[in-house]
Amino acid sequence: MPKLLVFAGSTRQQSFNRRLARATADIAREAGAEVTLLELSDFDIPFYNADLESQGTPPDVVRLKEILHAHPAWIVCSPEYNGSYTALLKNTFDWASSPVAGHPVWGDGALPFRGKVVGMLSASPGGLGGLRSQGHLAPLLVNLECWLAPKAFALGHAGNAFDAQGALVEPAHRDRVRAVVDQVLWAGQRLAG
Numbered sequence: 412m413p414k415l416l417v418f419a420g421s422t423r424q425q426s427f428n429r430r431l432a433r434a435t436a437d438i439a440r441e442a443g444a445e446v447t448l449l450e451l452s453d454f455d456i457p458f459y460n461a462d463l464e465s466q467g468t469p470p471d472v473v474r475l476k477e478i479l480h481a482h483p484a485w486i487v488c489s490p491e492y493n494g495s496y497t498a499l500l501k502n503t504f505d506w507a508s509s510p511v512a513g514h515p516v517w518g519d520g521a522l523p524f525r526g527k528v529v530g531m532l533s534a535s536p537g538g539l540g541g542l543r544s545q546g547h548l549a550p551l552l553v554n555l556e557c558w559l560a561p562k563a564f565a566l567g568h569a570g571n572a573f574d575a576q577g578a579l580v581e582p583a584h585r586d587r588v589r590a591v592v593d594q595v596l597w598a599g600q601r602l603a604g
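Numbering (my numbering), first residue to last: 412 to 604.
Relax, there's no trap hidden among the hints.
Calculated cross-link-like contacts (lysine-lysine; reagent style DSSO-like; alpha-carbon spacing at most 30 Å): (1) K501 to K414; (2) K562 to K414; (3) K562 to K501.
Pairwise CB distance ranges, derived in the manner of DEER restraints: (4) L463 to P536: 31 to 37 Å; (5) M412 to E556: 20 to 26 Å; (6) Q576 to N502: 28 to 34 Å; (7) M412 to L463: 35 to 41 Å; (8) A442 to G570: 23 to 29 Å; (9) G526 to A575: 38 to 44 Å; (10) R525 to A442: 24 to 30 Å; (11) H480 to G513: 14 to 20 Å; (12) G467 to N493: 30 to 36 Å; (13) F458 to H568: 30 to 36 Å; (14) S452 to R601: 30 to 36 Å; (15) L463 to P515: 19 to 25 Å; (16) H568 to N460: 34 to 40 Å.
Source of the hints: derived by calculation from the structure; they are not laboratory data.
Bear in mind that the values here come from a model prediction, so they are computed numbers and not experimental data.
C-beta: ideal position from N, C-alpha, C; glycine also.
Just need the whole structure built from these sequences, with the hints factored in.
Spelled out as structure tokens, the structure:
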């Protein structure tokens, strides 16, 4: 089974999408996957600026590239801000896809993304569950040469969706997340192998 990377496009402490990422990681581990739960707040990555980059790619960007590249399957939990994905997520992908001048491996900007199987999840207090963020995120991921899982899930009314331990309350929600996880792992295993 391929290694699975799970992360949310938020660093807010009480983020519904961070909760969903943690719940998804637990569900994936129950399915037998080797899971890395990534917290973007653990990386010191500035706003992308080509002038800054010309002075040298920040070390945490290289570390992020290495982690992305090492996992053939990903689940991205995307918050919805103003009908789209977050600036944090865009900035993360912009840095991770930018070539490192003169580097023998990371001179290829698409390398951390090419061929990755990505499942999209989102959570929101509203009824749509962040679905519009997925609609904007999908073309970005395809442009970065990722394979998108056909299954996705948007968790609406997320304020009531988690128990005190952070697990999803409704079995139907767990089943929907598990379906995305299963599809990503299935496709990741075949495309990586």
